[in-house]
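Enquirer: Model the full assembly from the supplied sequences, consistent with the hints where possible.
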Amino acid sequence: MKDDASKKDINPTPMLDELEGGKWPSFVTGLKRLRDEGAPNNQEMMNDLLGQLNHSYEERLGFWKGGTVSVFGYGGGIIPRFSEVADRFPASKEFHTLRVMPPAGYHYSTDLLRQMADVWERHGSGLIAFHGQSGDIMFQGCSTENTQKAFDELNEMGFDLGGAGPALRTAMSCVGSARCEQSCYNEQKAHRQIINKFLDEMHRPALPYKFKFKFSGCANDCVNAIHRADFAVIGTWRDDMKVDQEKVKEHVAEKGRKYTIDTVISMCPTRALSLNDDDTLDIDNRSCVRCMHCINVMTKALSPGDDKGVSIMIGGKRSLKVGDLMGTMIVPFMKLDTDEDYEKLEDFAETCIEFFADNALEHERIGETIDRIGLPAFLEAVEVDPDPNMVNHPRTSSYVRTDDFDEAADEWFEKKAREAGLTVSAE
Amino acid sequence: MNDQANKPRTPDEVGVPDPFQYMHPTLKKNFGNWDWHDRPRPGVLHHVSKSGEEVWTVRAGTQRQMDVFTIRKLADIGDEFADGHVRFTTRSNIEYMVADEAKVAPLIEALEDNGFPVGGTGASVSMISHTQGWLHCDIPGTDASGVVKGLMDDLHKDFVEEKMPNRVRITTSCCQINCGGQGDIAVNVQYTKPPKINHDLVANVCERPAVVARCPVAAIRPAMVDGKPSLEVDEKKCVCCGACYPPCPPMQINGAESTKIAIWVGGKHSNARSKPTFHKLAVANLPNNPPHWPEVRAVVRKIVDAYKADAKHWERMGEWIERIGWNRFFEMTDLAFTKHHLDTWTGSRKTMNMSAHIHF
Numbered sequence: 001m002k003d004d005a006s007k008k009d010i011n012p013t014p015m016l017d018e019l020e021g022g023k024w025p026s027f028v029t030g031l032k033r034l035r036d037e038g039a040p041n042n043q044e045m046m047n048d049l050l051g052q053l054n055h056s057y058e059e060r061l062g063f064w065k066g067g068t069v070s071v072f073g074y075g076g077g078i079i080p081r082f083s084e085v086a087d088r089f090p091a092s093k094e095f096h097t098l099r100v101m102p103p104a105g106y107h108y109s110t111d112l113l114r115q116m117a118d119v120w121e122r123h124g125s126g127l128i129a130f131h132g133q134s135g136d137i138m139f140q141g142c143s144t145e146n147t148q149k150a151f152d153e154l155n156e157m158g159f160d161l162g163g164a165g166p167a168l169r170t171a172m173s174c175v176g177s178a179r180c181e182q183s184c185y186n187e188q189k190a191h192r193q194i195i196n197k198f199l200d201e202m203h204r205p206a207l208p209y210k211f212k213f214k215f216s217g218c219a220n221d222c223v224n225a226i227h228r229a230d231f232a233v234i235g236t237w238r239d240d241m242k243v244d245q246e247k248v249k250e251h252v253a254e255k256g257r258k259y260t261i262d263t264v265i266s267m268c269p270t271r272a273l274s275l276n277d278d279d280t281l282d283i284d285n286r287s288c289v290r291c292m293h294c295i296n297v298m299t300k301a302l303s304p305g306d307d308k309g310v311s312i313m314i315g316g317k318r319s320l321k322v323g324d325l326m327g328t329m330i331v332p333f334m335k336l337d338t339d340e341d342y343e344k345l346e347d348f349a350e351t352c353i354e355f356f357a358d359n360a361l362e363h364e365r366i367g368e369t370i371d372r373i374g375l376p377a378f379l380e381a382v383e384v385d386p387d388p389n390m391v392n393h394p395r396t397s398s399y400v401r402t403d404d405f406d407e408a409a410d411e412w413f414e415k416k417a418r419e420a421g422l423t424v425s426a427e
Numbered sequence: 428m429n430d431q432a433n434k435p436r437t438p439d440e441v442g443v444p445d446p447f448q449y450m451h452p453t454l455k456k457n458f459g460n461w462d463w464h465d466r467p468r469p470g471v472l473h474h475v476s477k478s479g480e481e482v483w484t485v486r487a488g489t490q491r492q493m494d495v496f497t498i499r500k501l502a503d504i505g506d507e508f509a510d511g512h513v514r515f516t517t518r519s520n521i522e523y524m525v526a527d528e529a530k531v532a533p534l535i536e537a538l539e540d541n542g543f544p545v546g547g548t549g550a551s552v553s554m555i556s557h558t559q560g561w562l563h564c565d566i567p568g569t570d571a572s573g574v575v576k577g578l579m580d581d582l583h584k585d586f587v588e589e590k591m592p593n594r595v596r597i598t599t600s601c602c603q604i605n606c607g608g609q610g611d612i613a614v615n616v617q618y619t620k621p622p623k624i625n626h627d628l629v630a631n632v633c634e635r636p637a638v639v640a641r642c643p644v645a646a647i648r649p650a651m652v653d654g655k656p657s658l659e660v661d662e663k664k665c666v667c668c669g670a671c672y673p674p675c676p677p678m679q680i681n682g683a684e685s686t687k688i689a690i691w692v693g694g695k696h697s698n699a700r701s702k703p704t705f706h707k708l709a710v711a712n713l714p715n716n717p718p719h720w721p722e723v724r725a726v727v728r729k730i731v732d733a734y735k736a737d738a739k740h741w742e743r744m745g746e747w748i749e750r751i752g753w754n755r756f757f758e759m760t761d762l763a764f765t766k767h768h769l770d771t772w773t774g775s776r777k778t779m780n781m782s783a784h785i786h787f
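So the protein lines, in turn, are chains A and B. Position 402 of the first sequence, counted from 1, bears residue number 402 in the working numbering, the numbering being contiguous throughout. Position 146 of the second sequence, counted from 1, bears residue number 573 in the working numbering, the numbering being contiguous throughout.
It should be emphasised that the hints constitute simulated quantities derived from the structure, not laboratory data. Each residue gets a CB set at the ideal place from its N, CA and C atoms; glycine is no exception. It cannot be assumed that every hint is accurate.
Label pairs and their in silico Cβ distance ranges [said to hold, decoys possible]:
no.	chain 1	residue 1	chain 2	residue 2	range
1	B	K456	A	G305	51 to 57 Å
2	B	R728	A	I10	30 to 36 Å
3	B	R755	A	L275	27 to 33 Å
4	A	G66	B	Q448	43 to 49 Å
5	A	I261	B	H784	20 to 26 Å
Expert: Below, the structure is given as structure tokens:
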């Protein structure tokens, strides 16, 4: 919509005005509300921010550059932005973002939201993103001078800066046990325990490059951990899935046999399901890969088993530099129940971070390091034994030196014997 | 001089806050004890605990980049129509939890009256996960919020209904780093020209060996240009990825005409049914055309409609294409299959069809 032309000093925004119609909430309308009705400091900053953004729309180029801004005691967590067109739009010449870690699982009280809005009205632009792709609350638009003031107030509320640069980054966890019956561990606990243990790596960046943790309660992976995390923790279980056969029958009666076969039985990736003649479910749990599909469809009849824990996948990342990588299965199952179990997870996280700090090249993600040195060398470094769950299939290339194959095979059989509770002769 | 007064405050390194202090009481009470859920209508989740307690969640779309007035409005709605607690999803939808079913309908009405669409659950098109763009990024090829606003205006109906074969996750990214992530549909900047180098600035602004090392195809080398130490790009090798631009801003990768948009399809995060997948190129070279990006919106609409009409229930975009074959995908979406769809990067042979399986 058109702005009131009688108002002086308002930067015209003809391109952005086009984004105020339509049914989806408009960020432009929000920016304009700050410009027109916000606190005096918000008004000025937003008027010029709108001016610069409209200028970008016209020129089809960005006009921000980075720099160095931090708060006392920390080396990261602020994303500095200085305008390259500050001569035209001076009030938003500094428009930094504070990355602030949200409560695990993104829970807020309305009081907390109001407090955050009040802090940002006083010290920033009045614009907050819930949340950025990094998983942080992004308090956007702060002058260099006010950065410390805003941080101090947020910090006193119990909030801390997240990661930026070559450092441990802000993590994400799904809603998990708080509201989801498919959750296989306490995502919030794992999330907080690991990140809060290694805060030094977040606040004083000294790693070769970024390192991200993400925590999903099951293989639906609602926080996109496999694609986006260097260290993905995915809930799973190793006993049989739970089935209520009466509820299966109810599902079939409600949805029909054909529909159930088409959408549940035929879609099982390992052909582990079959519908019995009496409309109960025949489940081959040894073949089930815990993909979650049938449980997603039959939410009342099916659920994960009782012997729950996590899989850990290492090395997911986006494009730069070698191309997109997904996390590779490194720990197929780690029990996650007692405090000791969570400490083991924490210990393994520490082993991986230390490996990364010691071995990655500058600007290399851990997935790229593993590509460079090969999975066997990585496993040896983090003291994990090879497992068939790590691969789609064994190697197809014969270009490998196998003169210690027998020793490796002995190790495998000894490990299997130990798992079976047998005594190993050498011990 | 009083040193104490000038001493900066030492941060209290509190880390990730404990969520329980902000969590809805019913969620807190039934933490780890949920039994099953269903969706009574689009935008509403209904979870039942093993204790028999129930909670209804109403999900609504937001603009993600929120002014304090919007935040306070959302808080007001939470106080008046819900129980004073909210959470956000990974795709920036807000969720209100209520322990009393009678509160659901008035809450939905309040959200809709204030312009927040209720939906995003189940087989819908949820909010687009996106980046910062011209609003805040230092290397953006396009805007993020603006593209998303236009696309979500188009997809509003698909957000408030659950009439897709399965969920549709769309992402946008304002450079090829692809911070928006993988998606059923990904709308990403695609550069088409090598960087334009301002040789006057390189020596002072860029750490040259680091920039050389950043290039994925080893196309950058140190050079003296007009007597100044600079960098040069072998333009025959350059894949125009833009990796050199963040560490060396004088290597400008963006151009008003040369920065284009590519659309990718079939990315999937979930492990449900098929393993997670990366998205694949559908079309490149669409114009970066603010404020409405009509060419991008038209292609996204076409892909969404084709998927909606043809996929089976529970098939995600990539699973649908795998069943019908890529030739039918290109046919149904009126898009061209070109030499640029043939992957040339490391491991590309494994993306080729090494069988006699053919779709006609």
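Enquirer: In this structure, is the beta-carbon distance linking I261/A and H784/B contained in 20 to 26 Å?
Expert: Because 24 Å falls inside the window, the suggested range holds.
Enquirer: Note whether the CB distance of R728/B and I10/A lies within 30 to 36 Å or breaks it.
Expert: holds (35 Å)
Enquirer: Do the beta carbons of K456/B and G305/A sit within 51 to 57 Å of each other?
Expert: The hinted range 51 to 57 Å is violated for K456/B and G305/A, with Cβ atoms some 24 Å apart.
Enquirer: Is 43 to 49 Å right for how far apart the beta carbons of G66/A and Q448/B are?
Expert: The hinted range 43 to 49 Å is violated for G66/A and Q448/B, with Cβ atoms some 35 Å apart.
Enquirer: Between R755/B and L275/A, is the Cβ distance one that fits in 27 to 33 Å?
Expert: Given about 30 Å between the Cβ atoms, the range holds.
When each numbered hint is compared with the structure, violations occur for hints 1 and 4.
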